[in-house]
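A.B. asks: Just so you know, the sequences run in chain order A and B. Taking my numbering, I'd label the letters of the first sequence as residues 1 to 253. Taking my numbering, I'd label the letters of the second sequence as residues 1 to 481.
Quick caveat, the hints were computed from the structure, so don't treat them as lab data. Fair warning: this is a prediction, and the values are worked out from it, not measured in the lab. Ideal Cβ placement from N, Cα and C applies to all residues, glycine included. Among the hints, erroneous ones may be present.
What the hints assert, rightly or not - Sample of chain A residues with no beta-carbon within 12 Å of chain B, all distances over it, derived:
{"#": "1", "residue": "Arg-77"}
{"#": "2", "residue": "Tyr-210"}
{"#": "3", "residue": "Thr-229"}
Said to hold, decoys possible - Simulated coverage check for chain A against chain B, where a stretch passes if three residues somewhere in it have a Cβ under 8 Å from a Cβ of chain B:
{"#": "4", "region": "67-73"}
{"#": "5", "region": "86-92"}
{"#": "6", "region": "132-141"}
Below, each chain spelled out in residue letters.
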Amino acid sequence: MLTIKNLHAEVDGKEILKGIDLEIPKGEVHAIMGPNGSGKSSLASVLAGRENYTVTQGEVIFEGKDLLEMSPEDRAREGVFLAFQYPVEIPGVSNINFLKTALNEIRAYKGLPALEAKEFLKLTKEKQQLVDFNANLMNRSLNEGFSGGEKKRNEIFQLAMLDPKLGILDETDSGLDIDALRIVANGVNKLRSTEKSFLVITHYQRLLEYIVPDFVHVLYDGRIVKTGTKELALELEEKGYDWLKETVVHENV
Amino acid sequence: MKNSNEIIDDIANREYEFGFTTDIEMDIAPAGLNEETIRFISAKKEEPEWLLEWRLKGFQAFQKMQLPRWQHFKMPEIDFQGVSYYAAPKKKKQLASLDEVDPELLATFEKLGIPLNEQKALSGVAVDAVFDSVSVATTFREKLAEKGVIFCSFGEAVKHHPDLVRKYLGSVVPHSDNIFAALNAAVFSDGSFVYIPKGVRCPMELSTYFRINAQNTGQFERTLIIADDDSYVSYLEGCTAPMRDENQLHAAVVELIALNHAEIKYSTVQNWYPGDKEGKGGIYNFVTKRGICKGNGSKISWTQVETGSSITWKYPSVILQGDDAQGEFYSVAVTRNRQIADTGTKMHHLGRNTRSRIISKGISAGEGDNTYRGLVQVGPRAHNARNFTQCDSLLIGNRCGAHTFPYIESRNKSATVEHEATTSKIGEDQIFYLNQRGIDTEKAVALIVNGYAKEVLNQLPMEFAVEAQKLLSITLEGSVG
């Protein structure tokens, strides 16, 4: 589904990603772990097309198409969804109006007609239940005055509604208490399918107890320095990122 | 791939949609302003002597006045002698019904989305169409007359309801109120007149559509609305003008009178030609609007969506004279390119338990400059007066400006006056968030701006809220930088 080859990217002239290679086949869940500043969130931003990142080398192929050539909105319409680490607030725009606009833009891109109000509401109800999202938040302004947990749950609810092919979760676990974490993880697990892939970015192993990944990659200083199965996450948790730094330094020597 | 700045510039450069001109034979007074001009207009309109005298008083006041200096923008030179003060489409014959209106004029208004044919018109909205200096048609008059509602051009009101006009003309905005009001008193050519009798809830939205067409003219209309005891009316005005290189002056006066327990809701969707990207041309929109809540328990509510004009300078105000009277002001003002808006309101609390509410939303893009200027005044008799003011500014890009000048004068200790203000910017983060959900930058800006202005747009009559939303989106599309 997603193939990243030798991806280099910089922001303000500073190289952040220094040659990433990653292959995510359909239906798999890959986790990216790494210390602060290793480039985890930058990778998510580059994939989603944030303007201040410049790709200097490499390519990203998504479902056979050159992702880097596309505008951010076209990437979204093709099926790349980023659950933000810090979802923004947009006063006066109701959650439901926003979702309807987004859903219908994506449908229009695919040549589908806009959803009728009735169908849209039905879909909304269904997905609310699926990811356990509070219906009272639907008519509120987008993320305005939401608690940290509510914002993250809203991201997962949007993911359920927009039904992308690839879901990128950028530190969705940060700032969540254990109950909220469980709800968010349950939502993601319900959305897992053989047709959908996930890239789960996290600092802690904790989230991966709930969303069990097929593979774990460790990002350090803009490169993937280690790849393994879920056991790797446990090893990291136990030994800390310093262990990794030593390994990398060792390898470089 | 275009970045958001480029998209925004594309849209900011979009042409003004209503900039066409109508080719029609006109009756135009020579340029210049003197007593003769005023006598000429008065004679053209076959006015009674008292009205001519009132005009001349206005002219005398005008001659003694200077242009104000307190505004927060560079006041352009205005050559009052270079303007023609009367321009009217030549009448082929006396009109007996709407069917006899010049087809060229009907076509013009149709093109503007204001069909004057009653079958095609929005049901539930009666329209008075003003073309340059005169009213060319008023729809649904018979239907309104059944309820005793008078809705006609100002000129007709002078002829058929002289007592009402004479009693209230200048009673809220005197002929010497300010230089533009004095000029209007001297040369006003037409406008709309509304009277809602006691106990009547006006069955339709009333609306006046102002169109400036002729070159080198100004438009000086007057609107007078009287809501008698226990009556209700909702009134809306819209305006457009052709694209011209020179500036044109629009100096209107609106007077509202609400008697006991009457309610007047007055909405404006202003889309005068704003001038081009470099600030060339456009309408100077210098308007005096004021209402008086004369009766106890009366209410006046102003709602304005100001997107056009090169300079907008207006302060729709309410004198809260009756006890328990209520005044409201809801405003969205947009400036982009080189547009300037200096707008706000005045709430004069005179009666007991009077309440006022001010919600102002300024939006500045490009090199636009947006100023809120407001006065809340509480008199010594106004026990328990309450005011709430919220004044928000939204900045798009980094070359625009937003300013707030709130004045509060309270002479009664029991009064409560609240003022809240915020300034925010459309963030790249907000745009990117919406992009990431499949929404392009144009739609994203429209969504954010409409969300920001929602509280005000919600005040507009349903038929126009959608139009205003669209107008706001079109005006601002792509102004993010």
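A.B. asks: Please go over all the hints and tell whether each is borne out by the structure.
C.D. replies: Hints, one by one, checked against the model:
Distance check on Arg-77(A): its Cβ comes as close as 5 Å (rounded) to a Cβ of chain B, failing to clear the 12 Å threshold; non-interface status is violated. Non-interface call for Tyr-210(A) relative to chain B: holds, since the shortest CB-CB distance, roughly 24 Å, exceeds 12 Å. Remark: the non-interface label on Thr-229(A) is consistent with the geometry, its nearest Cβ contact in chain B lying 30 Å away (cut-off 12 Å). With 5 residues bearing a CB less than 8 Å from a CB of chain B, the region 67-73 of chain A meets the requirement of three and the coverage assertion stands.
Evaluation of the coverage hint for the region 86-92 of chain A: fulfilled, as 5 residues show C-beta separations to chain B shorter than 8 Å, against a requirement of three. Closer than 8 Å: that is the beta-carbon criterion, and the region 132-141 of chain A has 1 residues meeting it against chain B, so the requirement of 3 is violated.
When held up to the earlier numbered hints, the structure conflicts with 1 and 6 and fits the remainder.
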